[in-house]
Amino acid sequence: MTAFRYRVTINRKRGLSDPEGATTRKALQDLGFISVESVSFGRILDLEVDSSDAETAQAEVEAMCAKLLANPVMEDFTIEAVS
Amino acid sequence: MTAFRYRVTINRKRGLSDPEGATTRKALQDLGFISVESVSFGRILDLEVDSSDAETAQAEVEAMCAKLLANPVMEDFTIEAVS
Amino acid sequence: MTAKDQAPPHIQLGMTDEEYEHVIEILGREPMAAELAMYSVMWSEHCSYKSSRAHLGAFSADQPWVVVGPGENAGVVDLGDGWLAALRIESHNHPSYVEPYQGAATGVGGILRDVFTMGARPIAVWDPLRFGPLDEPRNRYLLEGVVSGIAGYGNAVGVPTLGGEIEFADRFSQNPLVNVMALGILQRDQLVLSAASEVGSLAILLGNATGRDGIGGASILASASFEEGDEEKRPNVQVGDPFEEKKLIEACLELYDRGLVEAIQDLGAAGISCATSETAGNGGRGMEVDLDRVHLREPDMTAGEILMSESQERMLAIVRPEDEAEVLALAKRWEIEASTIGTVTEGPQLVVHHRDELVADVPAASLADDAPVYHRPFERPGDLDEIWAREPEVPPDVDAAATLRLLLDDPAIGDRSWIWTQYDHMLFLNTVVGPGHDGSLLRIKETDKGLAVSTDGDALRTYLDARRGAARIVFESALNVAVTGARPYALVDNLNFGNPEVPEVMWQFVEAVEGMAWACGELDVPVVGGNVSFYNQTDGVDIYPAPVVGMLGFCEPMPERPPRLDRAEPGMSIYVLGPETVGDFAASAYDRIVNGELRGRPADVDGDAARHVVAAAATLAHTTPVLHDISSGGLAVALAEIAIASRCGLTVDTMPGPELFDETPLRFVAVTHDDELDTNEPHRRIGTMGGDVLDFGDAGRIDLAEATELFRNALPRRLH
Amino acid sequence: MTVAVVVFPGTNCEHDIVHALDLAGAESELVWHTDTDLSGAMGVVLPGGFAHGDYLRTGAIARFSPIMAEVERLAIEGTPTLGICNGFQILCEAGLLPGALVANRDLAFICKPVHLRVESTESILTRSATVGQVLEIPLNSYEGNYVAADLDAIEADGDVILRYCDATGRSDETSNPNGSMNAIAGITNRGRNVAGLMPHPERASESILGSEDGMVLIESFVASLTVPAT
Ligand SMILES: Nc1ncnc2c1ncn2[C@@H]1O[C@H](COP(=O)(O)OP(=O)(O)O)[C@@H](O)[C@H]1O
Ligand SMILES: [Mg+2]
Chain A
42 MTAFRYRVTI NRKRGLSDPE GATTRKALQD LGFISVESVS FGRILDLEVD SSDAETAQAE
102 VEAMCAKLLA NPVMEDFTIE AVS
Chain B
42 MTAFRYRVTI NRKRGLSDPE GATTRKALQD LGFISVESVS FGRILDLEVD SSDAETAQAE
102 VEAMCAKLLA NPVMEDFTIE AVS
Chain C
39 MTAKDQAPPH IQLGMTDEEY EHVIEILGRE PMAAELAMYS VMWSEHCSYK SSRAHLGAFS
99 ADQPWVVVGP GENAGVVDLG DGWLAALRIE SHNHPSYVEP YQGAATGVGG ILRDVFTMGA
159 RPIAVWDPLR FGPLDEPRNR YLLEGVVSGI AGYGNAVGVP TLGGEIEFAD RFSQNPLVNV
219 MALGILQRDQ LVLSAASEVG SLAILLGNAT GRDGIGGASI LASASFEEGD EEKRPNVQVG
279 DPFEEKKLIE ACLELYDRGL VEAIQDLGAA GISCATSETA GNGGRGMEVD LDRVHLREPD
339 MTAGEILMSE SQERMLAIVR PEDEAEVLAL AKRWEIEAST IGTVTEGPQL VVHHRDELVA
399 DVPAASLADD APVYHRPFER PGDLDEIWAR EPEVPPDVDA AATLRLLLDD PAIGDRSWIW
459 TQYDHMLFLN TVVGPGHDGS LLRIKETDKG LAVSTDGDAL RTYLDARRGA ARIVFESALN
519 VAVTGARPYA LVDNLNFGNP EVPEVMWQFV EAVEGMAWAC GELDVPVVGG NVSFYNQTDG
579 VDIYPAPVVG MLGFCEPMPE RPPRLDRAEP GMSIYVLGPE TVGDFAASAY DRIVNGELRG
639 RPADVDGDAA RHVVAAAATL AHTTPVLHDI SSGGLAVALA EIAIASRCGL TVDTMPGPEL
699 FDETPLRFVA VTHDDELDTN EPHRRIGTMG GDVLDFGDAG RIDLAEATEL FRNALPRRLH
Chain D
33 MTVAVVVFPG TNCEHDIVHA LDLAGAESEL VWHTDTDLSG AMGVVLPGGF AHGDYLRTGA
93 IARFSPIMAE VERLAIEGTP TLGICNGFQI LCEAGLLPGA LVANRDLAFI CKPVHLRVES
153 TESILTRSAT VGQVLEIPLN SYEGNYVAAD LDAIEADGDV ILRYCDATGR SDETSNPNGS
213 MNAIAGITNR GRNVAGLMPH PERASESILG SEDGMVLIES FVASLTVPAT
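First to last, the protein sequences are chains A, B, C and D.
In my numbering, each number is its position in the first sequence, counted from 1, plus 41.
In my numbering, each number is its position in the second sequence, counted from 1, plus 41.
In my numbering, each number is its position in the third sequence, counted from 1, plus 38.
In my numbering, each number is its position in the fourth sequence, counted from 1, plus 32.
Simulated from the structure, these hints should not be mistaken for laboratory data.
Every value quoted in this text rests on a predicted model; they were computed, and no experiment measured them.
Yeah, the Cβ is synthetic: ideal placement off N, Cα and C, and Gly gets one too.
There may be inaccurate statements among the hints.
DSSO-like, lysine-lysine: derived pairs with alpha carbons at most 30 angstroms apart [as the list claims (entries may be wrong)]:
1) B:LYS108 with A:LYS54
2) B:LYS54 with A:LYS108
3) C:LYS370 with B:LYS108
4) A:LYS108 with A:LYS54
5) B:LYS54 with A:LYS54
Not the full set, but computed from the structure, chain B residues with beta-carbon under 10 angstroms of chain A [stated by the list, open to error]:
6) ARG66
7) THR97
8) ALA98
9) VAL102
So here's chain A without its partners, still in its complex pose (with noise of 0.2 angstroms):
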């Protein structure tokens, strides 16, 4: 057995309302950092798999983030081997 590492990055779907986003912004702009035109925010998940080979576990990833990691309805992931 071999420990793969993964970086699961997960997004807010476009166009859905992002209100902590904005009110970081905002925040931001009150702090003075006029130039900030947008933000957005996002989870990063570091994952260590145990597993035979890095096929298996690329797909056992997946399989977390389709069951529970990330939500399909609001939000988009990308799985990022790390080596």
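Model the placement of chains B, C and D with the ligands on the given structure of chain A, informed by the hints.
For chains B, C and D with the ligands alone, kept in the frame of chain A given last:
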């Protein structure tokens, strides 16, 4: 003026509790993903900054992180330019 | 491409040919695109009540203390000394199935707006919920998502959630029900209505920017059944922003305080088109609207999108021109955006421009008033006689301990604190009796007035007999508020049903409405508002009929020490009050859980007896430490709940085993010191508190510790 | 002005703390977060709620509200300054108290009464209590989980004033509702004039609400207004 884009990644400092990571790992294992060894959580912020040049823009983003976006008591951050 | 995509636009928007002809008749021409969108949404089931309207006249709001009855955003009743209470209930069923967190969250946001639109400060929320069985992962996901959505929004917006209700049944798997009720209080001079009557007044849009949220969302999601593979409906998720709503509440309350608004309307389904046409139409006026002045989140939106957007946290205030500057300044101080988008005109037209083009020119009142009314055919379900003929069975020597083990472990009977400890239920320091009791009781500070609320539903019993089931919900909620010391004062209802085009569903609906209206009449309780949610059907399966009520109780003075489940002490006597049991086991917890059956016909209720029992309970609440109504699981469960909350065992006289689990309505338990039960109502002393066992004599005994463990874990153990 | 109760957009417990201060005999005044003058305030309270929606990080945006420069000035000068729940989070973000608050161990909001043991009476919040006293006070938070990198220094310095415990005063994993390090529920600063706690003492201010245990904390604060804390 050009629009520069950055991705800021904010992680909980090592040694401080990461309830999101711990709970997600447990939830994954409950779902049968027993191969997950560790999960750690972070947030990303995608920023768009208007600036005359990349250097100024990057400096601004660094200042934003230091001042507001990350809490030095419990978080580390990295900044990455996005093309 | 499906056949639907090639259909004419009005069919794609869910309109019938007849409805479309009617629009042409009203306008004297073919509608323009934005106009068609407006009619299609305003005439949808969700907005127009076209299938239910013909029947809702059975409800009466005819009591002297009703200030505002159905028709406005919320019902309003008089509490004396200048105080009023506003209440309303709403469903967010389909949005919560699509995205449980946001669906529930925006449901809370919407119901709060209905209440503060009236000038009231929202002071509490309740959440009646229905899901499929928890052994399916998807149902667990929905429950957890909905609860955290209500918590996430309600807590952050700063309105406590004081209770609710939960039921589980297979037919809610594909179609959970998420209802939310809100209560507000106000001073009489702060009451605001939605009619814009002064020509020249300005329409100011307050709050969130308008984006492409849920265009046609509420109406599409709430007016159509789900089919397999219905993914296109998914982008219609609306995202709630409790922070924006909190600012909006404070800003609006200050606007009312300063007398700056003539009328106000929240933006819900059909967004700007609904709010502008209703304010103008209600005042018998028209309005000129300029969509270029609407603050947008996405700059390139079309006129139709702007008009129909269901972006959350927006209000439309009608303001005299001389007050405009002050209103805008006040909005700025509360850090909300505001834009003047229209002017009230002589009428009757609602005239809308976008980028210098006329996009709509329709009689304002026609959108609401000319909506079709359908008298849909209804038919008694053919299998009902057969269902009634099958009698539930309970052996005469039923083992009380074994049965209680099963019942206390049921997620709909066991402790629901897993839900309500996630809700702020203490904010404002008004909560005198909180969640975990029959009804919640709030004080109104600086007065001796108290408000009690209970939300109740009973889909399984209503399925067996829609008329009796619905009536019994009303009586149960009346008794629930009575045991806190309040008398039933006003009711709001949420009628969750299947597809109204199915005659059997329509029959359930009509029976339920009549049963509910009768019960309210027997108790002199006015129905001051409600909501109808049809099309709760997935893949051809209709939900169990699920009317839900929110009963408001009122007391003055408040009981000094209102009854609580945890106030029983060793040595106190246990009494049962109310009618004799009649062997009522249809849709009982016993038949459902022990026998796994749904059959038989629920018992009827005698209206006179009901009025009597409810009044007796409300009086006794002023002097009795513990009062608890007997509902799901019968006497045995009611006693167990008292024992568990009070951490005190009990012994009851031997009685026929089935009597312990009988669910004959309108009965309640009182626990007090001997000879201190101050009532003329017939009562029976059945036992004594004390020890650490629940002892049912010959029927069996169970350790309090074991009962407590089962009860506490019923919900959590299924979720983790 | 006696006590300044600071209101941020999103704050919601301001009237509740005013009510409790009133019961303890102290007058108070609401101050909007864009104000910049607190001269004359004998004490400052940052109440509970969701300032700025708790977006980005709880307390992070509020900490830069215009009023905060004044709050910091007074706190440094020794004015009694109390943060309850969200107010505690803001004081931590502002660096007026050590540590930070993160999501509860079980990632769920918790609203329920909890037991607290008084660890030290050297603070504006606990001076009228006794060490070892057990109080029952409601908690109401999602981010109530206290973390600090320099925990040993905080403990050694005696900055911990309240710890989660059971009804008998014992602390262990089961009596810790949210995973806070060392079961810390409330702390004070070195100067002992700034204090923060996650539970809401104002929610335990009358017997009709279920408990009056919070009043000893409110009364401590009120007593500190006239007799400056050491
Ligand atoms: N969805 C919910 N949200 C909040 N509280 C709930 C919910 N479901 C049940 N409760 C609370 O649990 C208690 C018991 O509920 P229930 O058994 O429905 O009461 P009753 O049978 O007396 O109507 C009530 O205090 C109720 O408010
Ligand atoms: Mg009850």
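Hints, one by one, checked against the model:
1. For the hint pairing B:LYS108 with A:LYS54, the CA-to-CA distance comes to about 28 angstroms; that is within 30 angstroms, so the pair holds.
2. Taking the CA atoms of B:LYS54 and A:LYS108, the gap is about 28 angstroms. The hint holds against a cut of 30 angstroms.
3. Between C:LYS370 and B:LYS108 the CA atoms are separated by roughly 26 angstroms; this keeps the pair inside 30 angstroms, and the hint holds.
4. As the CA atoms of A:LYS108 and A:LYS54 are separated by approximately 17 angstroms, the hinted pair is consistent with the 30 angstroms bound.
5. Between B:LYS54 and A:LYS54 the alpha-carbon distance is near 28 angstroms, which keeps this suggested pair within the 30 angstroms criterion.
6. Taken as an interface hint, B:ARG66 checks out: its beta carbon lies about 9 angstroms from the nearest beta carbon of chain A, inside 10 angstroms.
7. Annotation: interface hint on B:THR97 holds; nearest CB of chain A at approximately 9 angstroms, less than 10 angstroms.
8. For B:ALA98, the interface hint holds, the least distance from its beta-carbon to any beta-carbon of chain A being 7 angstroms, beneath 10 angstroms.
9. Interface hint at B:VAL102: satisfied, since its Cβ lies 9 angstroms from the closest Cβ of chain A, which is below the 10 angstroms cut-off.
Checked against the numbered hints above, the structure breaks none of them.
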